[in-house]
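Participant: Between the sequences and the hints, there should be enough to build the whole structure, so can you do that?
There are 2 protein chains.
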Amino acid sequence: MYKQQLLDCHNRIKPYIHRTPVLKSRLLDDIAGAQLFFKCENFQRMGAYKMRGATNAILLLSEKERTKGVVTHSSGNFAQALSLAAQSLEVKAYIVMPSNAPKVKKVAVGQYGGNIIECAPTIEARITTASKIAYETGATFIHPSNDMNVIIGQGTAALELLKDYPKLDYIFAPVGGGGLIAGTALAANYFGNNCKVVGGEPFEADDAYRSFHSGKIESNDTTNTIADGLKTVLGDQTFPIILEHVHDIIRVTEDEIVSAMRLIWERLKIIVEPSSAVALAALIREKDRFHKKQIGIIISGGNVDLNNLPF
Amino acid sequence: MYKQQLLDCHNRIKPYIHRTPVLKSRLLDDIAGAQLFFKCENFQRMGAYKMRGATNAILLLSEKERTKGVVTHSSGNFAQALSLAAQSLEVKAYIVMPSNAPKVKKVAVGQYGGNIIECAPTIEARITTASKIAYETGATFIHPSNDMNVIIGQGTAALELLKDYPKLDYIFAPVGGGGLIAGTALAANYFGNNCKVVGGEPFEADDAYRSFHSGKIESNDTTNTIADGLKTVLGDQTFPIILEHVHDIIRVTEDEIVSAMRLIWERLKIIVEPSSAVALAALIREKDRFHKKQIGIIISGGNVDLNNLPF
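Chains A and B supply the protein sequences, listed in that same order. Take any residue in the first sequence, count from 1 to its spot, add 3: that is its number in my numbering. Take any residue in the second sequence, count from 1 to its spot, add 3: that is its number in my numbering.
Don't read these hints as lab results, they were simulated from the structure. There's no promise every hint is true.
Pairs involving identical chains hold if they fit within one copy or between any two copies, as the list cannot separate such chains.
27 angstroms max Cα-Cα, derived DSSO-like pairs, lysine-lysine [what the hints assert, rightly or not]: (1) K109 - K27; (2) K27 - K166; (3) K17 - K27.
Facilitator: This is the structure in structure tokens:
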């Protein structure tokens with residue numbers, strides 16, 4: 004079922020997304036002791052894989068639903084992705100953002116045509132505000148990760164990667180809300196050749212690691228990590244897929260994230276955000292387990308604030 | 004003559020270099036008011052186009068010359084390029100560097116197997132030291148830019164670009180010692196369809212602009228520019244080619260360089276060095292002249308010190 008959904012989704016969103024390139028680096032291969040294939044979603048439209056899921060979710064709305072628009076709560080890439088996807092499809096997008104969201108992110112959402120509604124900087128306020136807008140406008144709420152249409156959309160990055168490199172032994176991806184890793188795990192399951200999916204997660208926001216081991220959705224007390232895309236927690240749609248299809252989750256320190264980010268910037272000469280570097284950091288941390296394997300790494304995005312770099 | 008030399012050179016160096024990708028961006032097209040094609044030599048081996056000329060120069064040595072090695076003076080990308088090219092071809096490389104060269108550059112040369120010889124930080128000391136080494140070891144001196152084999156090698160970047168996009172109206176490239184722009188101008192002359200070549204140069208090191216207009220090689224009193232690859236001056240090999248085949252040279256301010264660099268980082272999501280941004284800065288500064296044209300831009304390299312960024 005998911006197999007056909009992934010293929011249909013890929014055909015559906017193709018006209019609205021880039022087929023992103025896969026980069027390789029002999030030097031990074033040497034460092035990791037494995038053969039690496041970087042799927043560069045930082046080159047995706049608006050700079051992150053989230054464009055895939057957002058586009059799929061909007062394309063699956065009915066004509067009537069489309070006229071009323073879409074609403075989400077996000078201060079990160081999904082806010083921009085839903086805005087741009089909606090703009091491309093001539094649908095109205097309401098974006099609920101916490102009042103303390105960085106100005107650069109609000110500007111980006113505005114540039115992509117999203118209508119920003121500010122709320123208090125709490126999870127509760129976000130949810131309440133988004134519900135209120137959905138109620139008042141009739142807009143369809145689209146969750147940034149915990150939505151099967153979004154999950155399937157995010158899985159198309161791994162689908163493309165496996166079409167290019169069918170023999171991958173592993174695919175590494177970062178874990179935040181779980182949309183990317185769940186979609187990646189489904190794609191690997193149906194299109195890989197015994198390809199296992201491994202998540203990378205900061206120690207400072209390790210809810211997925213703890214959920215994976217306890218068997219129930221855990222939360223974070225604090226999320227003091229530079230990987231700002233990975234502060235969110237799993238949901239009832241993402242978690243069961245992760246539990247069933249993800250091979251392992253590896254946690255990394257903040258120093259390891261910055262080092263991996265620096266390696267990618269210096270060696271691949273591409274801009275990636277800290278969340279993206281978490282996947283490579285996880286591989287390097289436990290590289291002995293993956294010696295000489297063929298490993299795909301999903302570079303999730305490249306939206307960084309150049310005024311606020313860790314080096 | 005140069006036409007065949009360019010083709011022969013390309014075939015000769017092919018096994019040792021990457022065929023670098025060409026990137027496009029709708030947003031940058033909108034900003035420039037033209038259609039842009041970025042030839043990404045930041046993805047070249049060791050991170051810059053200099054790999055092309057260095058490889059060509061070594062491959063054209065006789066067997067006997069190869070056994071004695073090569074020598075150059077450079078504190079920049081050519082030092083690394085000659086080291087790596089020599090290493091790939093099992094030739095010894097002597098690199099004369101000023102004693103005040105950044106440590107990160109010395110480390111890079113060492114990693115590529117180059118033998119560093121320090122000298123006082125003056126042009127005279129560089130030349131004297133390099134001559135002394137050539138005399139003592141029998142190594143062949145290879146100039147970073149003012150050498151026909153190097154110039155032809157650098158021209159293969161534009162050759163590839165024009166093979167991919169034969170209808171370019173212009174190609175923009177930065178001007179330092181002139182090796183890149185001279186090679187680019189030759190390639191455009193023989194492989195372009197009335198394709199004109201425009202140089203970008205910092206106001207703070209505008210010797211090429213002044214030479215272009217005075218008809219004789221001018222020097223710089225100071226070179227207070229962030230574009231550290233462009234502080235060198237033209238030579239007797241590069242200058243006549245530039246005078247004959249380059250369409251124009253446009254000067255840019257330091258602020259314009261940093262803004263263009265930032266645009267490339269944020270929009271193309273790639274790491275480029277300040278010298279590379281000079282070409283785009285030149286186009287943006289005088290964009291009205293190039294409205295709606297198809298324009299190639301040579302991104303010369305991506306070797307930046309992340310500890311020392313302008314933003």
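Participant: All hints are to be evaluated individually against the structure, with a verdict given for each.
Facilitator: These are the hints, each one checked on the structure:
no.: 1; hint: K109 - K27; result: between (34 angstroms within a copy, 25 angstroms between copies)
no.: 2; hint: K27 - K166; result: both (16 angstroms within a copy, 24 angstroms between copies)
no.: 3; hint: K17 - K27; result: both (24 angstroms within a copy, 18 angstroms between copies)
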